[in-house]
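S.K.: Listed below, chain by chain, are the residues.
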Amino acid sequence: MAKIVEPNPAFTREIIAGGPNKAGGGDTLMLCYQCGTCTASCPSGRLTAFRTRQLVRRGQLGLKDEVLPTEELWLCTTCYQCVERCPRNVEITDLIFIMRNIAAKEGFMSDQHKKIGENMMAIGSTVPFPDTMKKVRADMGLPAEPPTTVSDQKAMADFRKVMEACGFDSLMKGGKK
Amino acid sequence: MPGKYALFLGCVAPYRYPGIEKATREVFKTMGVELVELQGAGCCPAPGVIRSFDQNTWLALAARNLALAEKQGVDIMTICNGCFGSLFEANHVLQHDPEKLKEVNQILAKVGMKYNGKIKVRHFAEVLYLDIGTETIKKFVKNPLDYKVAVHYGCHFIKPSRIKHLDDPERPRLLDELVEVTGAKSVNYKDKIMCCGAGGGVRSRSSGTALKMTEEKLKNVKKVGAQMIIDVCPFCHLQYDRSQRDLPGFDIPVVHLSQLYGMAFGLPREQLGLEAHEVKFKL
Ligand code: SF4
Ligand code: SF4
Numbered sequence: 001m002a003k004i005v006e007p008n009p010a011f012t013r014e015i016i017a018g019g020p021n022k023a024g025g026g027d028t029l030m031l032c033y034q035c036g037t038c039t040a041s042c043p044s045g046r047l048t049a050f051r052t053r054q055l056v057r058r059g060q061l062g063l064k065d066e067v068l069p070t071e072e073l074w075l076c077t078t079c080y081q082c083v084e085r086c087p088r089n090v091e092i093t094d095l096i097f098i099m100r101n102i103a104a105k106e107g108f109m110s111d112q113h114k115k116i117g118e119n120m121m122a123i124g125s126t127v128p129f130p131d132t133m134k135k136v137r138a139d140m141g142l143p144a145e146p147p148t149t150v151s152d153q154k155a156m157a158d159f160r161k162v163m164e165a166c167g168f169d170s171l172m173k174g175g176k177k
Numbered sequence: 178m179p180g181k182y183a184l185f186l187g188c189v190a191p192y193r194y195p196g197i198e199k200a201t202r203e204v205f206k207t208m209g210v211e212l213v214e215l216q217g218a219g220c221c222p223a224p225g226v227i228r229s230f231d232q233n234t235w236l237a238l239a240a241r242n243l244a245l246a247e248k249q250g251v252d253i254m255t256i257c258n259g260c261f262g263s264l265f266e267a268n269h270v271l272q273h274d275p276e277k278l279k280e281v282n283q284i285l286a287k288v289g290m291k292y293n294g295k296i297k298v299r300h301f302a303e304v305l306y307l308d309i310g311t312e313t314i315k316k317f318v319k320n321p322l323d324y325k326v327a328v329h330y331g332c333h334f335i336k337p338s339r340i341k342h343l344d345d346p347e348r349p350r351l352l353d354e355l356v357e358v359t360g361a362k363s364v365n366y367k368d369k370i371m372c373c374g375a376g377g378g379v380r381s382r383s384s385g386t387a388l389k390m391t392e393e394k395l396k397n398v399k400k401v402g403a404q405m406i407i408d409v410c411p412f413c414h415l416q417y418d419r420s421q422r423d424l425p426g427f428d429i430p431v432v433h434l435s436q437l438y439g440m441a442f443g444l445p446r447e448q449l450g451l452e453a454h455e456v457k458f459k460l
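Top line first, the protein sequences correspond to chains A and B. Using this note's numbering, the letters of the first sequence map in sequence onto residues 1 to 177. Using this note's numbering, the letters of the second sequence map in sequence onto residues 178 to 460.
A portion of the hints provided could be inaccurate.
So the derived list for chain B, only partly shown, Cβ under 10 Å to chain A, looks like this [unchecked claim]:
hint, residue
1, D231
2, E276
3, V364
4, G376
5, P425
For the record, the hints were derived by calculation from the structure and aren't laboratory data. In this text, a Cβ means the ideal position worked out from N, Cα and C, and glycines have one as well.
Chain B extracted, bound-state conformation:
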């Protein structure tokens, strides 16, 4: 069994969809994997607005979060593609560019902190796949599921693949395998690897454009008769769930992988927060 990880909560999970946070905590506890708290963590920061406005601020705030985990001597585990994208890429810059690391540490010194580039940034789905493994996960499935689901990878999980090296960016399998461990069937659909539409600050600045992209994806998911969307990112999750308020004709529940595992592991439904979603989970 793997060691422990510092759970990075981000913003959207704890403040909008706490069921994702709860399900993650319970699922990892069930498997006997220790998650330690990252006391005082802030926003990752958001790759959309903050990185678009000022990359030095983006880098320094990310370094502050990384330093909090480094101080405890544990790698960071995120439950969100956006957090993974920001923290992974910022860490990549800091581990490869000594000049940038020095500049960032001059800023962190003002709050009595320092980052040495010693930790890794992990995404919970690849921790499940690489460190725990599907064979082990299978042993915890008490309540096999027989749903037909549409997997949404999102953008900042496996891309940019040249620095992440997690899976084939055009035909990824990792999430499909993780989903199918529960007994659910992952169905193929048109433009499966396409973006949900929300990223890069598009949801906040041009919500109509974001909504059109989301509608495309939802249409494709509906066409193949999937019963739900499985995501690994609270922001994609929010985009799919809330957009269905504004898009007539869709009633597709949106479920984070941790919540799906919660169901398969037989955890009490009320701990998974599915009732708090816009699109009610009736299955």
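Next up, chain A with everything else stripped away, as it sits in the complex:
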């Protein structure tokens, strides 16, 4: 028996509206006429089960449960190749950001990505700044500590405050997996 999928029009509307952040590009969702140029251009889809056209279609139909919990949603490298070639000017990468924002809001965030979020909250950087690097920098004739959030406490406090004001810390606590 074929599986009957329940469309969820509210999900479609949520994408069109730009997701929880009312971000741009969502209003191009319905322009897609399923030509498949995006899938054919996708470096990630070449090597994985991720199909860009299918993801856009799932968005159009509101197949929320086939989008939010999937690994495929996170296989886009945001390379914009599909956007460059789409004959309908669908903002595909923006749509993917919007769907990811909805997924994150519903708790679908990987531990690896959360770790990067935690680095951001701690030192204002995606990657750690180990002490050994200070020596490497100094030996090269650079200041041991660059003039960024890693060496400027006031700046770091501000950076964290901005993240908190946006609710990033509570978003990170809402993880499902």
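We have chain A; now place chain B with the ligands onto it with these hints.
M.R.: Showing chain B with the ligands alone in chain A's frame:
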């Protein structure tokens, strides 16, 4: 000669590949272009994870960096495609959507800051090409190079082209020309404009998938006999350099354009940080 720029360091260059930072500083100093410090700057923020999680946080953190440069009255210059992508696109949103600018400024007000949408976001390669120009750069080449190199554009430098207008996204020439000023020859290879595989949070979440994309690119580069990869993004740089630890059969040095210029300008090798790479530069 052009004016001055605020050097935006990002994360990967200063904390992982400081040779890129050093080479950039020295190369611009040699050409007499002033780079001012962006005291207190943070992550751009990363288009992969931060924008994927929450676009308001992404926008507000970008606006904070933009405001730091605006306060000094200078445009931002990045040395990384990821930083360029985030800051350029965030700036585009803030300059075109007064509602978003207002919301972001309500957040920035909590730390006593404000962004007015007055500055531009530049990538160092297009500053070299458009503001300084290949004719001028040529005058600083003291040590012409005769390498055969594979240029990697990366994704967030010229794309999305509808807002960046820097070059043809399918057949770009800008970087090839910049590389050839040094005497090096830029060779064509299959899927030259393809992604390195690392972006969008793929490297951190699905490293195996990222690695497969990188392997594709490395195979294509190897096939045409290029002696090195030239990039304009520390994150692509990291992906190509570190992946070769896990991929047997490759020994292709990875060089940021600033480091290539450092060599061509005759700067001391130890200032370029090439020894700190996973794949040693033996040429
Ligand atoms: S290229 Fe554009 S129109 Fe064609 S399937 Fe993809 S999103 Fe739809
Ligand atoms: S932006 Fe994403 S979906 Fe589009 S081609 Fe690149 S990896 Fe594929």
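S.K.: Quick one: which hint numbers does this structure break? Sort them smallest to largest.
M.R.: Of the numbered hints given earlier, those the structure breaks are 3, 5, listed in rising order.
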